[in-house]
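*Asks:* Now for the letters of each chain:
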Amino acid sequence: MSSIEERLARDIEAVTKGVIVTERDLLDARDAIDERVATGRGRDRRRTVAMVAAAAVVVAGVGFGAIQILSEDNATVTPASGGEPADDIYADFLKGDPPTPENLNGFWRVDNGGTMVRFQTNGTVQFSDQGAVISDPVTIGTYTIDGDTIAVTAPDAPGCISPEFTMRAALPEPSLVNVVLTEPQFGTCETVATTIALEHVLPDNGRWADFTSAGIRGWRPVTDEKVVLGDWMAEAGGGYLLEIAEDGTYYVADDSGDVVDNGRWRLRESRLELFSRTESPQCEEGDFLVLGNLEYTNAETTLLRGTVDQNDCGGGWTPTTWLQIPDATSD
Amino acid sequence: MTNDVSRDVLSAGNWSAGPQSDASADDTREVVDALFRRHYLAMLRLGVVMVGSREAAEDAVQEAFAALHRNHQALRDRGAAEAYLRSAMLNSCRSWVRRQATQRAARPLMLVREHHESPEDTVVSRDEVGSLVAVMRTLARRQREVLACRFVLELSVAETAELLDISAGSVKTHTHRGLQALQQRIEVAR
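Residue numbers (our numbering), protein chains in the order written: chain S, 3 to 333; chain X, 145 to 334.
Calculated from the structure, these hints are not laboratory results.
Heads up, some of the hints might be wrong.
Claimed, not checked - In silico DMTMM-like cross-links for lysine to aspartate or glutamate, where the CA-CA straight-line distance does not exceed 25 Å: (1) S:Lys228 x S:Glu166; (2) S:Lys19 x S:Glu8; (3) X:Lys316 x S:Glu15; (4) X:Lys316 x X:Glu331; (5) X:Lys316 x S:Glu8; (6) X:Lys316 x X:Glu174; (7) S:Lys19 x X:Glu303; (8) S:Lys19 x X:Glu226; (9) X:Lys316 x S:Glu7; (10) S:Lys19 x S:Asp30; (11) S:Lys228 x S:Asp138; (12) S:Lys19 x X:Asp171; (13) S:Lys19 x X:Asp170; (14) S:Lys19 x S:Glu7.
All values reported here derive from a predicted model rather than from experimental measurement.
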């Protein structure tokens, strides 16, 4: 048995040993079951108590030490921590400008994480931890803002993502939004944090101006298509996001948060060819952007660079180097 | 309240939606009583691990037993009744978590976050009873249910697979990934 298994087994044992049932508890429970059967309904008098208690108790794994220990003669819950209304708990974290559709607009990445979030002023929000926030987001929903609270509705959210959840948010600076999640099983369902920081990728607001690839080593020619998949941010605050999707499509978004070019891509002998389609907002069908001598390095962070061999559209999204927004699934 | 898993159990028997006779009602009560005496504490402990609240766990257990009471006549034998009870319990916990998510969505936050704790507090809470269980509750649904089956109910891989209606391979995969995620999260927390 591994260490983590042993620890989990010990912790479960400690928790469950703290759950003691008295004769009184059993009688009450049996009565409650009879009542449910008789009424045919799932609710009983304890439901109200449970809901009230639940509102003040950390449940579903938010925070540590939230287990209740029941004494033999006491049928009430005693949370190990918490219990205070949490209105003020996040006050420091949530200092700053309240969220608005305008200041949320664009692409955000979870600080030090692989999840990307895209807010649009039309009220839509998209999430992806697969490097596909434009082409194939894990979740597409709508959002509304009331004060500092962003309510998201995503009825088709897959897996463990809640179809409805809220976030409180504030922007301590234009390129940063601090978020308090109300639903811990959010996004990939792998997040334990209740608070996260989102960094603006687009518009970059100068946040990435100092980021350059100078001095980074370990460059190798790109020969495997998998290397180029995902979301890439232009270096040094270049103001563009390039998404290269597994299905052969690509998208370029600019500081407005909108897609400015899209089409198909292919990789040929370390040449990345981007071929605009008719629906490309700013380019003509058939326009090529070709990056030759394509190289990448993942020595420190994952970077992609090439020489601009062809740029029919003349778009500005031709930085020397792109920074990959990490894909959590590749960890 | 039925669900995918319990529906499977029900389908194995002869489902009858009609009113029970006095004799069958007595039989139901007797069986449910026996199962209640034998499994109430275990189900309650499972509930506490799964939802983190004694009251909510009691609520879930009561609902599971009530569901068993309502559907007992459709079950083929006592073994099926126990399986039904376990799956009903897991479903009750799942529903509770879902309800909580919905309620949280409709009201201001009332949750506590560790980021305001002092380093000393964090050290204490890290080793506090239930801290790892609390992290377990944040895992993906299948992972936490598989871990609960294995470590709380102490079911085998095969029994877990049958209860959750997944393959044995999936049980192993979810167990491995769940433990791996736990390990990663406690490392991050440190």
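*Asks:* Any hints from earlier that this structure breaks? Give me their numbers in increasing order, please.
*Replies:* Going through the list in order, the structure violates hints 1, 6, 12, 13 and respects the others.
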